[in-house]
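Given chain A, work out where chain B should sit, using these hints.
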Amino acid sequence: MKLGIVVNEGPYQHQSSDTAYLFAKAAIAKGHEVWRVFFYHDGVNNSSKLTEPPQDDRHIVNRWSKLAEEHKVDLVVCVAAALRRGIKDENLAQGFRISGLGQLTEAGIKCDRLITFGD
Amino acid sequence: MSEIKKFMFVNRKAPYGTIYALESLEVVLITAAFDQDVSLAFVDDGVYQLKKGQQTKGIETKNFSPTYRALEDYDVEKLYVMKESLDARGLSEDDMVVPVTVLSGAEMGALMDQQDVVLSF
Chain A
1 MKLGIVVNEG PYQHQSSDTA YLFAKAAIAK GHEVWRVFFY HDGVNNSSKL
51 TEPPQDDRHI VNRWSKLAEE HKVDLVVCVA AALRRGIKDE NLAQGFRISG
101 LGQLTEAGIK CDRLITFGD
Chain B
1 MSEIKKFMFV NRKAPYGTIY ALESLEVVLI TAAFDQDVSL AFVDDGVYQL
51 KKGQQTKGIE TKNFSPTYRA LEDYDVEKLY VMKESLDARG LSEDDMVVPV
101 TVLSGAEMGA LMDQQDVVLS F
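Chains A and B are the protein sequences, given in the same order. Using the numbering used here, read the first sequence as starting at 1 and increasing by one per residue. Using the numbering used here, read the second sequence as starting at 1 and increasing by one per residue.
Treat the hints with care, since some could be wrong.
Looking from chain B toward chain A, a few residues come up when the C-beta cut is under 8 Å (computed) [unchecked claim]:
id: 1; residue: I30
id: 2; residue: F64
id: 3; residue: V117
id: 4; residue: L119
The hints are simulated quantities; they were obtained by calculation from the structure and are not laboratory data. Quick caveat: nothing in here was measured; it's all calculated off a predicted structure. A virtual CB, placed ideally from N, CA and C, is assigned to each residue, including glycine.
Chain B with its partners taken away, still in its complex shape:
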C-alpha cells in the first residue's frame, strides 16, 4: 500500500468518562504504522487528553496519557491544540504533556480543509 494520504484525528472528548479518547489513540498508532501522514487535533474537552499530571487511580482506569509521549517513536509529531479550547478551560501550552502547536479555530479549520481523511472522536 504505497499511497500516502493525510489523516487527521480530531479528539474532542475528555480522556476518561467515555472510551473515545483511548480507542482513538489506538487508531492513530495503527495508521502511523501504515506510514500515512498523520496529524492530531485537540479541540473542546479533547484538550484535557494532553493535560499533565493525570491521576486515574481513584476511578480504577488506566492512565494512558504517557502514550502521547510515545507518539514520537511512531513519527507522529504533528499535534495541534485549539487556542480557544485551552483558554476556555484555563489551560495553556505549558500544561500539555507533549510539545504541541497551538492554533486558532480558524487556523485549525484551514488545516482540516487540507486533509484527505478526517476522523473525529
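Same shape as in the complex, but just chain A:
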C-alpha cells in the first residue's frame, strides 16, 4: 500500500513524532511504501538541524533523515507553518524539503491511506 503520513506535533514535547516514525518503519518492514511524510503545525520542528538532544536520548531529527535516505521517503515541511516557527532552508536537516500545503493535499489524493499523528 502507498502511505502518506502527517505529523502535527513537535519532537520530544509530544509522542506523535515518535509514533509516526515507528509506524513508518513498521509499515516499510511489512513491504508498504511510505511515499511522503508531511510535517505541519509544530510538526515542522522535527526538521531543525539545530536539534541537539542529550546523548543518551534518541535523535528524532536524524532518525527521520536516515529513514529518508534509506527508503527514499519524501519529508516535506509546510512553508507557512515553518516560517512562523523559524524553520528555513538554512537550518533544515538532511532529507527534508520545505514546500506548500498543496503537497499535503497531493498526498491525500495519491496515497491509498493518509494517516495523521497528533492531538
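Only chain B this time, still in chain A's reference frame:
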C-alpha cells in the same frame, strides 16, 4: 491532477488557545483550490470556531472567523456541525457565522465513513 477525492476536515478544537483551527483552515483553502470534494465537520470545542461575535483584541490574536464566510467563494459549502457538541455548549445553529447542516453524532459518523481522506485537527 484530475482525480477527485472526498476530503473531510474535522475541526475539534477551540479557535484560539492553539493554532490548530487557523492552520486547518489554511489546508481547507488549498485543498479546495485543488478542486477536491471538500467538507468540514465541527465537533467538540470545534463548534466554537463558527461562533458569531468573536472578539480577539484582548488576546492580540487575529480574528479569523470572517474567513469561514469566504469559503463559499472556494465552493466549500458542505459544513457540518454536530448537534451534541452544540447542545453541550448551549449553542444553536443561529449562533453560527455561516449556514451549516446540523447532524447527530451517528449521522456525522456515517458521513465520515463515506470519505476518502479524513484530516482531523
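Practice problem: Identify every previously stated hint that the structure contradicts and give their numbers, smallest first. | Solution: Hint check: 2 fails alone, others pass.
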